[in-house]
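Protein chains: 4
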Amino acid sequence: MEQEIKVCVYGATGYTGVELLRHLLNHPHARVVSLTSQSYAGKRLSEVFPQFEATHLGSMVLSEKPEEDFDVAFLCLPHETSLDLVPKLVRDRKKIIDLSGAYRIKNATKYPEFYGFEHVHPELLEHAVYGIPELFREEIKKANLVANPGCYPTATLLALYPLIKSSVEFEYVVVDALSGVSGAGRKVDQKFHYPEMEGNSFAYSIEKHRHTPEMEDVIERLSGRSVAVRFTPQVIPVTRGMMAKVYVRCEKLPYREIYRESYKEEPFVKVINQPPHIKYVIGTNYCFIFVHYDEKTSMLEVISVIDNLGKGASSQALQNFNLMMGLEESAGLKQTALYP
Amino acid sequence: MEQEIKVCVYGATGYTGVELLRHLLNHPHARVVSLTSQSYAGKRLSEVFPQFEATHLGSMVLSEKPEEDFDVAFLCLPHETSLDLVPKLVRDRKKIIDLSGAYRIKNATKYPEFYGFEHVHPELLEHAVYGIPELFREEIKKANLVANPGCYPTATLLALYPLIKSSVEFEYVVVDALSGVSGAGRKVDQKFHYPEMEGNSFAYSIEKHRHTPEMEDVIERLSGRSVAVRFTPQVIPVTRGMMAKVYVRCEKLPYREIYRESYKEEPFVKVINQPPHIKYVIGTNYCFIFVHYDEKTSMLEVISVIDNLGKGASSQALQNFNLMMGLEESAGLKQTALYP
Amino acid sequence: MEQEIKVCVYGATGYTGVELLRHLLNHPHARVVSLTSQSYAGKRLSEVFPQFEATHLGSMVLSEKPEEDFDVAFLCLPHETSLDLVPKLVRDRKKIIDLSGAYRIKNATKYPEFYGFEHVHPELLEHAVYGIPELFREEIKKANLVANPGCYPTATLLALYPLIKSSVEFEYVVVDALSGVSGAGRKVDQKFHYPEMEGNSFAYSIEKHRHTPEMEDVIERLSGRSVAVRFTPQVIPVTRGMMAKVYVRCEKLPYREIYRESYKEEPFVKVINQPPHIKYVIGTNYCFIFVHYDEKTSMLEVISVIDNLGKGASSQALQNFNLMMGLEESAGLKQTALYP
Amino acid sequence: MEQEIKVCVYGATGYTGVELLRHLLNHPHARVVSLTSQSYAGKRLSEVFPQFEATHLGSMVLSEKPEEDFDVAFLCLPHETSLDLVPKLVRDRKKIIDLSGAYRIKNATKYPEFYGFEHVHPELLEHAVYGIPELFREEIKKANLVANPGCYPTATLLALYPLIKSSVEFEYVVVDALSGVSGAGRKVDQKFHYPEMEGNSFAYSIEKHRHTPEMEDVIERLSGRSVAVRFTPQVIPVTRGMMAKVYVRCEKLPYREIYRESYKEEPFVKVINQPPHIKYVIGTNYCFIFVHYDEKTSMLEVISVIDNLGKGASSQALQNFNLMMGLEESAGLKQTALYP
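Chains as they are written, first to last, in our numbering: chain A, 3 to 342; chain B, 3 to 342; chain C, 3 to 342; chain D, 3 to 342.
There's no promise every hint is true.
Unchecked claim - Computed list of lysine to any residue pairs in SDA-like fashion (alpha-carbon distance at most 20 Å, straight line): (1) C:K210 - D:E297; (2) B:K210 - A:E128; (3) D:K96 - D:L329; (4) C:K298 - D:A230; (5) A:K143 - A:E128; (6) D:K90 - D:P68; (7) D:K193 - B:G187.
Claimed, not checked - Computed beta-carbon distance windows for the label pairs: (8) A:S207 - C:Y206: 45 to 55 Å; (9) A:R258 - B:E173: 19 to 29 Å; (10) C:R33 - B:P30: 34 to 44 Å; (11) A:S207 - C:K167: 51 to 61 Å; (12) A:R33 - D:T111: 31 to 41 Å; (13) C:E140 - D:S300: 31 to 41 Å; (14) C:V50 - A:S207: 52 to 62 Å; (15) A:P30 - C:Q276: 51 to 61 Å; (16) D:T111 - C:Q276: 43 to 53 Å; (17) C:E297 - D:D86: 45 to 55 Å; (18) C:E297 - D:K90: 34 to 44 Å; (19) D:H58 - C:E297: 19 to 29 Å; (20) C:A43 - A:S207: 21 to 31 Å.
Simulated from the structure, these hints should not be mistaken for laboratory data.
We put the CB at the ideal spot given by N, CA and C, even for glycine.
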């Protein structure tokens with residue numbers, strides 16, 4: 003390890019925290035020096051998650067606060083905890099990758115409605131860079147604070163970006179998306195009790211979901227146009243994985259070529275010729291995309307799949323880390339999907 | 003059993019056949035006299051499906067052709083086999099409930115494109131009644147030949163019917179639907195091998211699916227208007243269950259009330275106030291519906307769930323049987339969902 | 003309904019309570035008059051479980067205590083709640099079927115170790131009849147208080163009973179059993195959070211499980227011999243179903259014939275020639291059994307499958323009800339397994 | 003990559019082949035130069051398995067025979083194909099790791115009964131080293147031909163080895179083991195069609211399974227004693243994972259300490275204090291073991307979990323490769339389990 007970067011993972015015992023640790027174990031330059039946890043402070047990591055038993059992280063003790071100095075903080079924390087912690091870390095001149103939603107939307111007035119709190123640090127919102135590398139790579143390279151995106155917005159924006167980049171006009175945006183249950187976090191919930199969720203599927207938060215303004219905000223910033231999104235999230239009985247189907251009305255163009263061209267240099271986005279399976283990406287940082295234009299209805303349909311905990315959260319955070327630290331963008335992220 | 007109706011199940015060893023038998027065992031007036039099967043002719047039913055061991059059907063021997071006279075035929079057969087068998091049964095003056103797609107679409111010219119065969123009996127298409135009781139109850143009561151609908155059209159048409167009935171104008175019909183794997187039948191397939199399908203989900207037949215003209219045909223017949231449907235079927239890792247999300251653009255109206263009013267007398271359609279879970283209907287003939295109008299996008303979203311093998315196939319066939327034979331419509335169909 | 007029996011279900015909103023209601027809906031003589039629930043008192047049943055929306059039970063209001071007089075009480079309650087309620091119901095001369103463990107073991111001294119409480123009503127233990135009809139049918143017919151067995155003991159004792167009945171000497175009893183997650187109840191638990199349990203399996207309570215003395219108690223009462231059982235329960239990622247594999251050392255005998263003969267009159271136990279699948283019995287009151295004697299090791303292996311919520315709990319409770327009330331033993335229990 | 007070893011994977015498109023490729027992508031010294039496949043010859047790897055799209059392996063073309071010279075051959079082939087290919091590779095002085103069963107059992111006379119063929123190369127059986135590094139590490143280091151073990155024997159022998167090593171006398175060996183469905187391979191099968199296998203579990207090959215003589219053979223070679231194993235394999239509805247529960251009768255000793263001591267230097271075997279979950283090891287080369295002695299029955303119970311495609315097949319093959327080539331034993335094998 004020629005270059006060594008000291009990393010603190012805040013909130014290491016949620017699903018995004020543990021997934022981040024799994025990826026960090028493969029990273030050639032990151033060294034985890036602190037793991038925080040409120041619920042498990044004082045325990046060794048392998049006491050809570052025995053799969054780390056045989057790794058050097060297994061014997062690390064979880065603490066309420068970081069106990070060693072670090073260069074970069076990953077925040078796998080509740081939204082409000084992140085909201086308050088970020089300004090302190092900014093003052094301490096740390097690099098920050100915030101996996102919560104606290105700094106994703108530029109417009110501070112949206113927070114009370116969608117997050118249930120006043121955004122008390124609106125001045126930081128403009129410094130926060132929205133962390134989808136395929137959309138904001140250059141800004142991320144220079145950022146000190148990256149707001150790591152939600153899983154639904156990642157899948158959706160990667161599906162829409164080539165249209166925006168090519169200035170295609172589109173309307174009637176329907177985003178119908180399926181998520182694995184891990185997207186709801188590690189906290190138990192009657193709906194996600196195994197006997198209830200096995201063999202089940204349902205839509206939720208149809209009237210209002212906090213990822214809708216996040217999508218609309220980025221689309222507007224990139225395209226200069228205001229677009230209303232009809233968003234229907236659903237949960238399906240898989241642990242991981244996400245599939246977004248994005249429907250828009252637009253003129254006929256050679257979309258498959260436009261998409262291929264748009265993403266041809268991207269290491270983690272692949273445009274393929276048949277609808278992707280979510281299993282193509284489980285455990286990875288990849289996004290697979292399929293594009294179909296239907297002349298009968300003048301509708302373009304784009305299907306994108308990601309791992310909600312991967313490109314939708316933790317591995318994308320690591321991709322952002324690589325960019326912020328001037329490392330190879332895919333360092334630590336070269337695994338292929340677990341199959342079968 | 004005051005009244006006894008002799009029933010033959012053709013193709014008894016596919017998933018719709020076995021599910022029909024499960025329901026027929028609970029039926030107060032139907033008596034199964036013949037079970038046909040090409041693959042298992044000569045075997046006892048319980049040799050193939052041990053769960054029937056303890057029922058009176060268990061010792062029935064599967065035969066290539068019916069071996070006893072009967073009043074009503076259920077056809078759980080491949081499309082082309084049904085195509086050829088129906089005229090013969092019509093000549094023999096049997097009542098017929100055809101669970102295949104051979105007689106569902108009125109326009110014979112659609113069959114080569116969507117089913118891959120010429121419809122050689124177009125004269126029977128106008129006699130065939132499309133078997134969704136909520137839409138065509140009176141015709142079904144008088145029918146000798148009922149074309150039992152596909153699962154996707156059942157879920158979609160029940161979601162759209164109150165709009166059509168109330169003459170609401172709508173456009174941009176997007177039907178995004180999730181199906182359990184049993185919808186693809188009992189025949190093995192690499193995609194549905196357990197290790198491939200567990201934890202997986204994907205869209206298929208996006209360019210062309212034979213249920214699209216079936217939906218469009220019925221919408222046009224009921225509304226007098228031609229409507230193009232953008233239909234995206236997907237498979238999720240559940241054995242049974244189907245969820246259709248139907249998106250249309252239309253003016254604002256009190257849709258929840260319109261839907262409740264429309265279905266208030268229906269024994270098997272329930273309009274509820276939150277998005278339904280597919281587990282509400284597994285093993286039953288019910289359809290649960292949720293309606294949401296989104297002012298921001300001027301879109302109505304209707305979510306309906308059914309059991310693809312229940313209301314989407316076999317129990318709906320039995321509901322049609324009850325109507326055709328003048329029985330109580332819910333005879334043999336009073337079970338609630340298996341939970342959890 | 004010529005004969006009508008008024009039934010109260012105590013604890014109607016746990017998994018055994020709901021499953022019992024599902025079966026009671028099919029019963030020709032039982033009429034549910036009261037449903038109790040501590041957590042949901044004041045709500046309609048269909049508010050909690052929408053699948054009952056369309057049944058006459060859906061509009062029943064859950065209450066803390068029964069609000070109407072009744073003939074028979076089903077107790078789907080925690081062990082300690084049952085412990086205290088039973089004496090009161092006995093005084094009121096109700097027929098009682100207790101699905102908890104409070105009255106299953108005859109020896110009151112076992113309760114502190116295995117249930118964590120003193121058995122304060124030991125005088126009732128000898129009146130309580132252990133509710134496996136295949137073992138204690140005549141006693142059940144005359145009983146006022148039936149202790150409905152645990153799921154593991156039901157599967158195990160049905161697997162061992164023909165040996166005991168035939169006075170075969172056996173030793174080294176290993177019971178290795180797999181259970182669906184619903185066996186752990188409806189209460190949420192980190193281990194049974196969907197993302198943790200999907201794709202998972204593990205053994206638990208290996209040192210001590212309360213079903214071990216229950217099995218040993220019945221074996222000793224029936225055989226007159228004390229037998230120690232090595233019992234290893236495991237959970238597998240299915241919602242329902244249970245498979246017990248019982249290994250004993252014994253001399254070579256024609257066990258398949260002995261088992262068939264032993265159960266030939268039983269409506270709900272089927273001895274078959276290949277290892278049973280748990281899907282043969284899901285949603286039913288059946289037990290399927292397979293027997294194999296291995297000469298090389300002088301071991302007999304018996305595999306039995308049941309639905310842990312069916313023959314392992316609620317449908318067996320209804321079978322006991324039928325016997326206690328002098329009804330046809332299989333009334334309300336004639337369904338075959340949901341397949342696929 | 004200072005040292006580069008050219009590798010050919012025969013039978014690259016089965017589950018063990020693909021899993022091996024996934025691990026080889028992480029290996030610092032192995033370079034895959036040829037991939038053979040009978041079914042997919044002429045196709046690019048990523049056409050068959052799109053998850054390889056973004057890796058350098060994705061564009062490799064599958065061929066009927068190796069098209070480039072190589073140092074080491076991994077044989078992920080049917081037993082009989084391996085049987086015939088091995089002698090040819092031996093003559094060509096290749097290092098061979100055979101994942102089939104063709105060279106696992108020393109006694110050639112067992113093959114007709116358990117594999118259905120005469121072993122036509124018995125002279126090679128004594129040269130083949132049985133590839134469990136924890137049991138035969140030194141032999142593997144010097145081997146040219148390693149017979150990579152079956153998944154059930156790996157889990158079982160790791161559970162029994164400390165007893166043998168400590169010369170503990172034991173009897174009545176019951177091995178009751180659960181396997182994920184991928185253990186049955188990629189070939190479709192009615193039993194493993196998703197709708198049949200979801201929610202299901204069953205035992206199979208109870209009378210005779212080819213892994214029984216494999217276990218007995220190794221136990222006898224290591225202990226000098228002949229031991230008969232009662233082996234009951236079962237399939238549970240998970241894609242990957244295996245749990246063996248091994249029951250033996252033996253005197254009381256401090257087994258937990260014996261096991262810890264026995265495996266304390268092993269990088270891939272961990273003895274823990276509670277029954278392991280199969281999810282602790284998914285995607286890895288680890289084996290987790292739990293030990294419990296039950297005084298009441300004088301039985302020792304050992305529970306071991308592995309990934310049937312990992313330590314039970316492909317990653318163990320890579321561990322053997324590392325030993326044979328004088329590399330760090332854990333090269334390419336440092337991943338932790340995918341969680342959740």
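Quick rundown of the hints versus the structure:
{"no.": "1", "hint": "C:K210 - D:E297", "verdict": "12 Å, holds"}
{"no.": "2", "hint": "B:K210 - A:E128", "verdict": "46 Å, violated"}
{"no.": "3", "hint": "D:K96 - D:L329", "verdict": "17 Å, holds"}
{"no.": "4", "hint": "C:K298 - D:A230", "verdict": "7 Å, holds"}
{"no.": "5", "hint": "A:K143 - A:E128", "verdict": "16 Å, holds"}
{"no.": "6", "hint": "D:K90 - D:P68", "verdict": "13 Å, holds"}
{"no.": "7", "hint": "D:K193 - B:G187", "verdict": "14 Å, holds"}
{"no.": "8", "hint": "A:S207 - C:Y206: 45 to 55 Å", "verdict": "35 Å, violated"}
{"no.": "9", "hint": "A:R258 - B:E173: 19 to 29 Å", "verdict": "26 Å, holds"}
{"no.": "10", "hint": "C:R33 - B:P30: 34 to 44 Å", "verdict": "19 Å, violated"}
{"no.": "11", "hint": "A:S207 - C:K167: 51 to 61 Å", "verdict": "58 Å, holds"}
{"no.": "12", "hint": "A:R33 - D:T111: 31 to 41 Å", "verdict": "56 Å, violated"}
{"no.": "13", "hint": "C:E140 - D:S300: 31 to 41 Å", "verdict": "37 Å, holds"}
{"no.": "14", "hint": "C:V50 - A:S207: 52 to 62 Å", "verdict": "21 Å, violated"}
{"no.": "15", "hint": "A:P30 - C:Q276: 51 to 61 Å", "verdict": "53 Å, holds"}
{"no.": "16", "hint": "D:T111 - C:Q276: 43 to 53 Å", "verdict": "29 Å, violated"}
{"no.": "17", "hint": "C:E297 - D:D86: 45 to 55 Å", "verdict": "35 Å, violated"}
{"no.": "18", "hint": "C:E297 - D:K90: 34 to 44 Å", "verdict": "41 Å, holds"}
{"no.": "19", "hint": "D:H58 - C:E297: 19 to 29 Å", "verdict": "55 Å, violated"}
{"no.": "20", "hint": "C:A43 - A:S207: 21 to 31 Å", "verdict": "29 Å, holds"}
Of the hints listed earlier, those the structure fails to meet are numbers 2, 8, 10, 12, 14, 16, 17 and 19, in rising order.
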